[in-house]
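**Q** Chains A and B, in that order, are what the protein sequence lines are. Using my numbering, you'd call the opening residue of the first sequence number 3 and step up by one each time. Using my numbering, you'd call the opening residue of the second sequence number 7 and step up by one each time.
No false leads were mixed into what you were given.
Computed, partial: chain A to chain B, Cβ under 7 Å:
#, residue
1, Phe-58
2, Ser-89
3, His-95
4, Phe-104
Derived DEER-like restraints, expressed as beta-carbon distance ranges:
#, chain 1, residue 1, chain 2, residue 2, range
5, B, Thr-133, A, Gly-110, 41 to 49 Å
6, A, Ala-33, B, Gly-90, 35 to 43 Å
7, A, Ala-33, B, Arg-93, 36 to 44 Å
8, B, Ile-128, A, Pro-159, 53 to 61 Å
9, B, Glu-158, A, Met-60, 22 to 30 Å
10, B, Val-112, A, Gly-45, 45 to 53 Å
11, A, Pro-159, B, Lys-95, 27 to 35 Å
12, B, Gly-159, A, Arg-217, 34 to 42 Å
13, B, Met-94, A, Ala-33, 38 to 46 Å
Anything over 12 Å on all C-beta distances counts as not near chain A; from chain B, calculated:
#, residue
14, Leu-24
15, Ile-30
16, Tyr-53
17, Asp-60
18, Trp-67
19, Val-74
20, Ala-108
21, Leu-122
22, Leu-130
23, Asn-229
24, Val-249
25, Leu-250
Quick caveat, the hints were computed from the structure, so don't treat them as lab data. All values derive from a computational prediction rather than experimental measurement. By construction, the Cβ of each residue, glycine as well, lies at the ideal position given by its N, Cα and C atoms.
Residues per chain are reported as follows:
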Amino acid sequence: MTDTLVRFEGVRKTYGTGGAAAVVGLDLDIARGELMTLLGPSGSGKTTTLMMLAGFEMPSAGRILLEGRDIAHTAPHRRGIGVVFQSYALFPHMTVAENVGFPLSVRGVGRADRDARVAKALAMVRLDGYADRRPLQLSGGQQQRVALARALVFEPPIVLLDEPLGALDKALREEMQLEIRHIHQRLGVTMMYVTHDQAEALTLSDRIAVFEGGRIRQVADPKRLYDRPADAFVAGFVGENNLLPGMIEARDGEDCTVRLRCGPVVEAQAVDCGGVGQSCLVAIRPERIAVAGVTASDLGEGALPATLQEAIFLGDYVRLRLSVGDGGDILVKRPAGIGALPEPGGPAAIAWPEGAAFAFSDAV
Amino acid sequence: MTRGLLWVVAVLVALFLLAPIIAILPLSFSSGSFLFYPLPGLSLRWYADFFTSDFWLPALWNSLGIGVAAAGLATLLGTPAAFGLWRMKGAFRAIAMGVVLAPMVVPVIVVAVALLLAFGPIGLVATYTGLVIAHAALGVPFVVVTVLAALEGFDPVQLRAASACGAGPLRAFFRVCLPQIAPGVAAGAIFAFATSLDEVVIALFIAGPAQRTLPRQMFAGLNDSISLTTAAAAAVLVGLSVVLLLVVMWLQRRGQAAR
Numbered sequence: 003m004t005d006t007l008v009r010f011e012g013v014r015k016t017y018g019t020g021g022a023a024a025v026v027g028l029d030l031d032i033a034r035g036e037l038m039t040l041l042g043p044s045g046s047g048k049t050t051t052l053m054m055l056a057g058f059e060m061p062s063a064g065r066i067l068l069e070g071r072d073i074a075h076t077a078p079h080r081r082g083i084g085v086v087f088q089s090y091a092l093f094p095h096m097t098v099a100e101n102v103g104f105p106l107s108v109r110g111v112g113r114a115d116r117d118a119r120v121a122k123a124l125a126m127v128r129l130d131g132y133a134d135r136r137p138l139q140l141s142g143g144q145q146q147r148v149a150l151a152r153a154l155v156f157e158p159p160i161v162l163l164d165e166p167l168g169a170l171d172k173a174l175r176e177e178m179q180l181e182i183r184h185i186h187q188r189l190g191v192t193m194m195y196v197t198h199d200q201a202e203a204l205t206l207s208d209r210i211a212v213f214e215g216g217r218i219r220q221v222a223d224p225k226r227l228y229d230r231p232a233d234a235f236v237a238g239f240v241g242e243n244n245l246l247p248g249m250i251e252a253r254d255g256e257d258c259t260v261r262l263r264c265g266p267v268v269e270a271q272a273v274d275c276g277g278v279g280q281s282c283l284v285a286i287r288p289e290r291i292a293v294a295g296v297t298a299s300d301l302g303e304g305a306l307p308a309t310l311q312e313a314i315f316l317g318d319y320v321r322l323r324l325s326v327g328d329g330g331d332i333l334v335k336r337p338a339g340i341g342a343l344p345e346p347g348g349p350a351a352i353a354w355p356e357g358a359a360f361a362f363s364d365a366v
Numbered sequence: 007m008t009r010g011l012l013w014v015v016a017v018l019v020a021l022f023l024l025a026p027i028i029a030i031l032p033l034s035f036s037s038g039s040f041l042f043y044p045l046p047g048l049s050l051r052w053y054a055d056f057f058t059s060d061f062w063l064p065a066l067w068n069s070l071g072i073g074v075a076a077a078g079l080a081t082l083l084g085t086p087a088a089f090g091l092w093r094m095k096g097a098f099r100a101i102a103m104g105v106v107l108a109p110m111v112v113p114v115i116v117v118a119v120a121l122l123l124a125f126g127p128i129g130l131v132a133t134y135t136g137l138v139i140a141h142a143a144l145g146v147p148f149v150v151v152t153v154l155a156a157l158e159g160f161d162p163v164q165l166r167a168a169s170a171c172g173a174g175p176l177r178a179f180f181r182v183c184l185p186q187i188a189p190g191v192a193a194g195a196i197f198a199f200a201t202s203l204d205e206v207v208i209a210l211f212i213a214g215p216a217q218r219t220l221p222r223q224m225f226a227g228l229n230d231s232i233s234l235t236t237a238a239a240a241a242v243l244v245g246l247s248v249v250l251l252l253v254v255m256w257l258q259r260r261g262q263a264a265r
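Isolated chain B, as found in the complex (with noise of 0.2 Å):
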């Protein structure tokens, strides 16, 4: 009884976070120009839009090529930030993992307003530079927390032993912790790209028209013409994002695996 219960309050969850993405998904297969249902029939049409559109398929690209940078910027902060917490103790660990963690909890738009006056003095304003070092620090967070959890299962014994192999710092880091780390790294990577690739309020503040990315064309495209080719952008977001889900999913059963 308890149990039917269960599985009807899990359902009811389910749908509530999925109907939105189910709902956005079947519109941009319409052969109608709409955003309603009945669909009159249906095609790719929005899709061969999307790929041919000058004003989509930069923004993909553009998506693309931000988010790998700004993951990899992420990823060589994030990994030896995580490393330095994971051998510090005391009241200053707690101090420096709330400094480094503090972009996940401050509001997007702060940091949006704070990165447009602090960039707009120093010519970062509508690069890609810019863009990338503000989805690399939101993306950082992610990264030391990945890299923080896989560090769990690793034994500091082992750094002792590799030093007295004759190993330094440096080496005992590449060559005995990382290997053993590195399913976590990249999951960490993998969430830093995704946090890039669905952001838009930095994009918003502080992209140029030359570094539009896709969810903030998306935006836009909302505003001006309201075309299904949005509906087909998301289906390839939400693409993108389960390909994603996947590849950390298979990176932590390796991980496990290797243990």
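Excised from the complex, chain A in its bound form (with noise of 0.2 Å):
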């Protein structure tokens, strides 16, 4: 039984009179102690969501609950959650030491009490030593961690994290999420964090929620996610997938054949897909893929024939792109250095596990 600290019942938000829905019909949980990330699309209702929840918007329709409590309509100062933001929104006139102790000193917290709790906020940031600095003395990653000191201080039920790195450059964003995943579980903190970067979300999280068009399309852990996508948009957005178009040709429950648009018969495992005779997707992770300069026969009972249209070599990883039938167009990743490739050009065949080809739904 886990404890759930936040929930979203039924909560739409629409802005204007009939004017478009942000967010359509919203059910979500979030765990105490969790690190729930929000992942999707730019306008696809994650930072509304997020904005809900820190009372900067209110929603149309639902109920927000943090504790038991519904607070869909109380003021964002007294909800008691901190927020981080993407533009860090650190106070230019006070040091690093007044911007932390801020949310202290407006809760009436005594001087030395509150000198020792920023201390520690500092601390855990790895910025002890800049107390007395300005904010525009530091650099984009030092001010973000001013920003998630500054919202963690005040000891939040939760916190909530509104694209934070998206300001910063790849290798500082890659050393800010271990960061933050650090603290996250150090602290024990729930979070919020929204993201449009799945593979920041892959790497940050303990379970995603995927958004699009204003709902959730699946929520799961990381992991799930990536080997079992709920439908189509899912299989497309986090990591990369090859979505094949095709047309089912039988169904026995979980199993079914699918003819490709490219020509291919090939055995899938229907997700969300309809009956025999309704369009699918099929969907294979390049990463799963087998490739070999040989004969489709060479590769045993359901390989392809292909052919091999380029090689990119990406130092660990090298990407091949190759044709499939008519039209059908496929990526394949395998690791750098491990068997020959065949020649670009020629002829080659691939090959996958059983189990690695989902069908789904193409109505997304």
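Starting from two chains that each stand alone, build the complex the way the hints lay out.
**A** Shown next, in the form of structure tokens:
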């Protein structure tokens, strides 16, 4: 039995009267102590959801419960929720210590106690020694750490992070992802993290809610989300995937046979696709496809003949682009330096293990 | 060539703007008694007269006192108005903006007549309170304009951050927003003070004998007896204005440096 900290119940958000809905019928539970990421493209409703929990947007309908209490119409400063903004939103006229101490001073925490807690929070984000600097004297990564310390210092039940690493370069972003994850693990504080970067979501999260078009497509832990996507959108958005259109020829429970539009007939696990005669999308992860520079029969039963179009060497792995049948385009990833590659333009064969192909409804 | 021409035009325009002021200032140092050039000699007698006179000195204190009070009132009203306008959107903002800035464009004589009619029945004519309110109304647009300009450089997400820290709207304004726009607020207050300092039309209409301001006395002084003390009074006003202008420039530089 998990301890639910935040619950969204049938939350809707529409702008203006009769305007487009930013969030449509949202139901989501966040357990105490977990790091929940809202992942989705821009305009999918993930930031609106965060803003409604923070109190900067009012839901048009539904309830938002924090520790069992409906806070949907509570003023933001009375919610006691920590927020980290993409633009940091530090107060430039205050020192780093004054910024971090601000939530405590607002709460009437005494000077000595405040100083001790500020020092502890700064140590946690590895900024001891920066207490007397001004925010504008710090780098982007350091500023975001100050913002994180400011959101954590008053020990809120949940901290919301709105694309906090969006303005940082790639190396710094990866470093900060791990740092946020470690802080989360050390403090056990509940976090809700919004991002459009699926790799970031996979790195950080205990669970991920994938948003699209104002609704949640799937909520799952990173591994399950990657291995068993619930629909074609999730399959295409989280990680790379080959999505091949086809038509269902036979279906027996979970197993189905699909004739791909480019020609070949393949076996796949049915996820949310329809019955015989319905069109569908077959998803196969690029790293699960084996390639050999031989004829199809050498890879065993079910192997497909293909032609290697191009091979891109990326250091740790090689990206292969192959054509299959009539206009089928397949991406394959494989570790560099393992086995010989077929000649570009030459004949090749591809195959994948049983259970690696999934059939999804194409009505996305 | 074009550059040289530009310089000539610029100097001519500057002369056009400054010549009347430059003409009056030396007269205040004249040892003679008439508004004539050449000066018969140099002396500070008109300044001595100014700073000992029962006619001028109370007017100077009136001007300074009314100016400070009017500037304070205009700042108290104009700063929240600017903050509200900054947060507003849409057509209503344009309307509200027009109303707030109206005293800037409506002819002062119209305002003066309207105030005389409005203040009469409620006993505000010939009172300090009445004159302070009237001058504050003229000063508000200047405060609104300068504070709005200062708010352009203020990131509104900071207000959200403040409320996420637990600060209510008032506290967020006073502790996060106001310290950052303070140079703009101060500049607005100075503009409002300067507006009151050289206002003469409303002072003529609604000030009683006790509230005579410096410009009002200069006007009277020119009508009754042409004394060169008027020139000294003018020099005092010009001096005050220059000081205020320098303070505004210093505030603006500080505001930019803080960003």
